[in-house]
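Asks: Sequences and hints are given; from them, build the entire structure.
Residues per chain are reported as follows:
Number of protein chains: 2
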Amino acid sequence: MDFNDSYYMNLALTEARKGEGKVNPNPLVGAVVVKNNKILGIGYHEVYGSHHAEVNALNMSKNSEGATIYVTLEPCSHQGKTPPCVDRIIQEKIKKCVIGTLDPNPLVSGNGVKKLQEAGIEVIVGILEEEALKLNEVFFKYIKNKNPYIFLKCGITLDGKIATRDFSSKWITNSLAREKVQYYRNKFMGIFVGTNTVLKDNPSLTCTLENKRDPFRITIDKNLEIPIDYKIIANNFDEKTIFIIENSKINSEKYNLLKNKYKIKFISLDEKDFSLEKIFKKVGEFGIDSILVEGGSSIISQIFENNLYDSGEFFIAPKILGDEKSIPFINGFSKSKIDEAFKLNNVKFNLYGDNIGLEFSK
Amino acid sequence: MDFNDSYYMNLALTEARKGEGKVNPNPLVGAVVVKNNKILGIGYHEVYGSHHAEVNALNMSKNSEGATIYVTLEPCSHQGKTPPCVDRIIQEKIKKCVIGTLDPNPLVSGNGVKKLQEAGIEVIVGILEEEALKLNEVFFKYIKNKNPYIFLKCGITLDGKIATRDFSSKWITNSLAREKVQYYRNKFMGIFVGTNTVLKDNPSLTCTLENKRDPFRITIDKNLEIPIDYKIIANNFDEKTIFIIENSKINSEKYNLLKNKYKIKFISLDEKDFSLEKIFKKVGEFGIDSILVEGGSSIISQIFENNLYDSGEFFIAPKILGDEKSIPFINGFSKSKIDEAFKLNNVKFNLYGDNIGLEFSK
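Each protein sequence line maps, in turn, to chains A and B. Read in numbering that gives the first Met the number 0, the first sequence has 209 at position 210, and its numbers run on one by one without any break. Read in numbering that gives the first Met the number 0, the second sequence has 252 at position 253, and its numbers run on one by one without any break.
A hint or two may mislead.
Note that the list lumps identical chains together, so a pair holds whenever it fits in one copy or between two copies.
Stated by the list, open to error - Capping the alpha-carbon separation at 20 Å, the derived lysine to aspartate or glutamate pairs in EDC-like fashion look like this: (1) LYS169 <-> GLU339; (2) LYS211 <-> GLU91; (3) LYS336 <-> ASP165; (4) LYS342 <-> GLU323; (5) LYS34 <-> GLU64; (6) LYS281 <-> GLU312; (7) LYS336 <-> ASP200; (8) LYS324 <-> ASP338; (9) LYS347 <-> GLU358; (10) LYS324 <-> GLU339; (11) LYS361 <-> GLU276; (12) LYS324 <-> GLU304; (13) LYS17 <-> GLU91; (14) LYS169 <-> ASP338; (15) LYS199 <-> ASP338; (16) LYS179 <-> GLU312; (17) LYS342 <-> GLU245; (18) LYS281 <-> GLU252; (19) LYS258 <-> ASP237.
Rather than coming from a laboratory, the hints here were simulated on the basis of the structure.
Replies: Structure follows, in structure tokens:
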């Protein structure tokens, strides 16, 4: 095996992923310190607000003078919640810095590289850059204009249904597929479903993984119709349920009850602004960098109509309902030519026993 | 590499597959003659009515005295279109005969083994038996009671549609998936579509592969409605188009025209017997051992309702119509619980670029 730059960068990328769900809206970052082909230190950005990956890797390293540091994202050069990482790298007398990709944050981009070079450190940028960009696609989108990254998840039958005619949908997909959904619930900062899904399913929208981080539970409740004994209200112990409401409902009796007793958070819009695009924008401004959209039909249809998704995964079960009254995952269009069909791009398949996952992106 | 019995049997199985589409309703058979770990001869049953695999392999072998013959199916012991293979094996002074699986044909089963053993030849049965059974699932089903093997093929969008609202369906799946369909058209002896599919699509139902063997084109034309300029009538140069008609249509003017001028073949039933089950039975009695069913909606729905399929493959394209007026691959049921859904078994996935094939069997 050739222990080259790609090898160590790949290690740093793998390390970085351990921070999934814990660092939003910060980026995922991993770092490895290497001297004479020996790893002196390795680390990642573990929790929002704590040490950056470079610092964790350097803290672990003994005698790192003359070493090479591999870091998936350009080290920061500005004072944030923690001191600039470039200062620490310079201080440790690192000889060479290998970077996956530049930081898209205008506060940092290129400055880190410049400061390192000025200190006489050799800098290489762009090793496994594609993987490094993919790792932080959420961060890279959100930093631009606070628009959250939208990931679509849908569990469907072979005939494209998400529920039977009586709206029962437990369980279309198998346990392996449902476990992957839990992975997404941990990875993305918010989970979003439509009003109907809450009213029909009374879901808890939490993450059942070990060492989980529950997402913010976001739904539209324009007119405050969701009963207070529903799980997302009654079980809001972590105060992470957010309702999108109509402006005129502010300070209504139910609003005050939900706010004060159940600690529900609110994002409000004018009636005329109730489009998903504006709702997502507001959720982004609230500080949520990524949204896992779990349906239902109406929400998914609006997302495709307005081209609002960044990526997603359809989980297909080998089941068939064959019932025109069952609930399709998408509806409301009148495509008369196959060429007019919505076409999913960058398709990739994942196997989950007898279920298949179809991953796609814009 | 260990050149054991499984190795040579696997070679014989691979060889056998070369006969696909050419030997129906005979079984696919492959044979390898081996002495001192050296292959003396290898062959397969190439064309219906010609030499069996054992004979082809032995004809190629020089000095096969004391050799082992591997054959995927029990050698025949009765006089058919060709002399019994066991006689030839005995005559060649073969020492050992390794067999994939016994012949289910009551005329042969066990007799071949017995005759070989009586001649002092060592016989081993059951090497890669599962693969040998799978290889000839068509033959094994058909030999029992002349019921043809039913294979279902369907190209669908992610929302389970086979055509847009105006019935246009070119092309839902990609070229790789469509090439696999051509493979099936060569493999199975007949291709079957419903009247609507013929009337809407005017398909040719031929096989476009090189060295192809076109399947029998079978459709229901109860009341002889298909126009004579349609491809399956006008292009019936090989005289392999079969219409399922109502008994009373026999000797009608159009019947005589189709029969005499266009060489259409007919299978006729009483009005009351127009079920797919009876139609398939009649097709089997006609001598067709296997049917590739290519739709449309009404035929597929009847097949699931009556549990008539043996296996199949759904080709799923990453396209979405989202149109309730587009044509679903199956319809007419009223499942109100997920547990009532048709569940496909023995699922296996095949990748065709951005299309996925979901193989299943009963």
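Asks: Please work out whether the CA atoms of LYS361 and GLU276 approach to 20 Å or closer within one copy, between two copies, in both situations, or in neither?
Replies: within (16 Å within a copy, 45 Å between copies)
Asks: Measure nothing new, just compare the shortest in-copy and cross-copy C-alpha distances for LYS342 and GLU245 to 20 Å and report within, between, both or neither.
Replies: Neither: 34 Å inside a chain and 43 Å across chains, both beyond 20 Å.
Asks: Cα distance capped at 20 Å. Does LYS281 pair with GLU252 within a copy, between copies, both, or neither?
Replies: Intra 24 Å, inter 72 Å, cutoff 20 Å: neither.
Asks: For LYS336 and ASP165, with the copy left unspecified, which applies at a CA distance of at most 20 Å: within, between, both, or neither?
Replies: between (31 Å within a copy, 8 Å between copies)
Asks: With identical chains treated as interchangeable, where does the CA-CA distance between LYS179 and GLU312 reach 20 Å or less: within a copy, between copies, both, or neither?
Replies: So LYS179 and GLU312 pass the 20 Å test inside one copy only (10 Å; across, 25 Å).
Asks: Within a copy, between copies, both or neither: where do LYS169 and ASP338 come within 20 Å Cα-Cα?
Replies: Intra 34 Å, inter 9 Å, cutoff 20 Å: inter-copy only.
Asks: If the cut is 20 Å between Cα atoms, do LYS199 and ASP338 qualify within a copy, between copies, both or neither?
Replies: between (35 Å within a copy, 19 Å between copies)
Asks: At most 20 Å between C-alpha atoms: does LYS324 with GLU304 qualify within a copy, between copies, both, or neither?
Replies: Answer is between: at 17 Å across copies they meet the 20 Å cutoff, but 22 Å inside does not.
Asks: Given identical chains, is LYS34 near GLU64, meaning Cα to Cα at most 20 Å, within a copy, between copies, both, or neither?
Replies: So LYS34 and GLU64 pass the 20 Å test inside one copy only (9 Å; across, 68 Å).
Asks: Could you place LYS17 and GLU91 in one of the four classes (within, between, both, neither) given a Cα distance threshold of 20 Å?
Replies: neither (25 Å within a copy, 67 Å between copies)
Asks: Between LYS169 and GLU339, at a C-alpha cutoff of 20 Å, which is it: within one copy, between copies, both, or neither?
Replies: between (32 Å within a copy, 12 Å between copies)
Asks: Within a copy, between copies, both or neither: which one fits LYS324 and ASP338 at a CA-CA cutoff of 20 Å?
Replies: Between copies only: 16 Å across chains, 26 Å inside a chain, cut-off 20 Å.
Checked against the numbered hints given earlier, this structure breaks hints 2, 6, 13, 17, 18; the rest are met.
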